[in-house]
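S.K.: Listed here are the chains, written in short residue letters.
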Amino acid sequence: MIVAERKPFEEIKELVKAYKKVLVAGCGTCVAVCLTGGEKEVDILKTELDMARRMENNPVELRGHTIERQCDREYLEAFDSMVGDFDAILSMACGAGIQFLAERFPQIPVLPAVNTTFIGVNQGIGWYEERCRSCSNCVLGDTGGICPVTMCAKGLYNGPCGGTNKGNCEISSDQPCAWFMIYERLEKQGRLDCITRFTPAQNWENQVPRTLIQPGYKKPEKQ
Amino acid sequence: MKSESKLEKILEAGHFAFTGELGPPRGANAEHVREKAKPLIGNVDMVNITDNQTAMVRMASWAAALIAIEEGLEPNYQMVCRDRNRLAMQADILGAYALGIKNMLCLSGDHQKFGDHPTAKGVFDIDSMQLVNMVKTMRDEGKFLGGADIDIPPKLFIGAAANPFAEPFEWRVHRLAKKVAAGADFIQTQCVFNMKKMREWIRRAVDMGLTEKTYILAGVTPMKSVGMAKYMASKVPGMDVPDEVIKRLQGAEKGKVADMGIEIACEQIQEFKEMKGVAGVHLMAIEWEHKVPEIAERAKVLPRPVV
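Chains as they are written, first to last, in my numbering: chain A, 1 to 223; chain B, 224 to 530.
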């Protein structure tokens, strides 16, 4: 899932300080699962903003509404009849959701209440870890299911580097060395040949905005 | 000959190579480079010019290398993958060769987190192994990484680093094999303190035939103090400093610790001269360039061969 972290309250307050009617838009999928931007977090943020603005004698009219996914037109539609009443939207979705919302309502400022952090896994309640940088060229088949792009601090394809330190990365003794783990796993699987081969320079495909159209589907003609 | 490098000539002729290191200054101080170069002249075959080492901004490696050439040294232009993408790297490689640089060392580079710009974006467009292969392709096939022809290819002697000590030890020699296959003409190892492990690593490299395909220069760093030894043992990733080295330094007479450090380094150099598969020594006298003449003298590596 996509993991996000709520922005510091002071930053959010600053972003919306000029607006008197703000719609706080939650997203019920990834950011709700990682306890950042779902219905509950929308309520909390609304309460915090309401109190802070009252204290400053600058009251704000707030409404919260959470939809299933802000990255999906089908659900965004629910905001259509609502947004006219507000002079800003504060979105708690990931960067994709925020942009899709801003694209749908270009006349209204859409502001981010979260920082999108990574594509990751749920290690425990409230504990998430990054696992994928969406590089568009998955090599997990050769690296024992451990991503060198994400899990190696230098993103090396022919690791480890000279900084590998007793199983840990040079950046921290809390960060395992990805290439140490790759070696250990492939050795147990008897597949070390996967990494004795030289991996040539990567063809980076994540340098431009990417589009995917599944076979059998097509982009609608521009009107 | 693959290149126009003096180091290559020395190694090809079967001499035991002896190379040094020079770190560029934190400023545009050319005089500083000239001062550091002086004690190295005539005492080493080639001098590594580090590239933003420990991720601290310094004078560009190629620029300090050119000053070193003016002073009569043969530089080994170090390039790290942290700070440049493949376009900048290839451009710098062409420029360096055009201006008289004949050797380069391809490195990953310390993570930017360690330096004075810890929030910089690390580039790592290609890794050190891919850099080795890119330089080889440029030199031997006259082609850029993108496939286009180069009008005058850079005839560089290609170096790479190796760490014989990192875990898993079993993997180390295979990683060396990979670098050799990628195109490394010579290897400079991490500072060696654990001679037992080094002997075993070299033995395996010899058994795999790797020392027939590449020249291995063993990294030697004289310890200046007990504090330095302890720091390297515990704080520098990838370093293997056995207790016995620390104990020997601690056992030195008052005021003689640095001398003991040099003595240990000289003993190592002596052993490397005899060690099958080792083609030379790379002396990393960190911020101790002025001691190089004394170390070279005591290690009996003088005079340096003229080729």
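Warning: the hint list may mix true and false statements.
Partial chain A-side listing against chain B, Cβ under 8 Å, derived [said to hold, decoys possible]: (1) Thr117; (2) Gly120; (3) Lys154; (4) Gly162; (5) Asn165; (6) Cys194; (7) Thr196.
Treat the hints as calculated values from the structure; they're not laboratory data. Built from N, CA and C at the ideal position, the CB exists for glycine as well.
S.K.: Would you mind marking each hint as holding or not holding in the structure?
M.R.: Hints, one by one, checked against the model:
no. : hint   : in the structure
1   : Thr117 : violated, 15 Å
2   : Gly120 : violated, 20 Å
3   : Lys154 : holds, 5 Å
4   : Gly162 : holds, 4 Å
5   : Asn165 : holds, 4 Å
6   : Cys194 : violated, 12 Å
7   : Thr196 : holds, 6 Å
Hint violations for this structure: numbers 1, 2, 6, all remaining hints satisfied.
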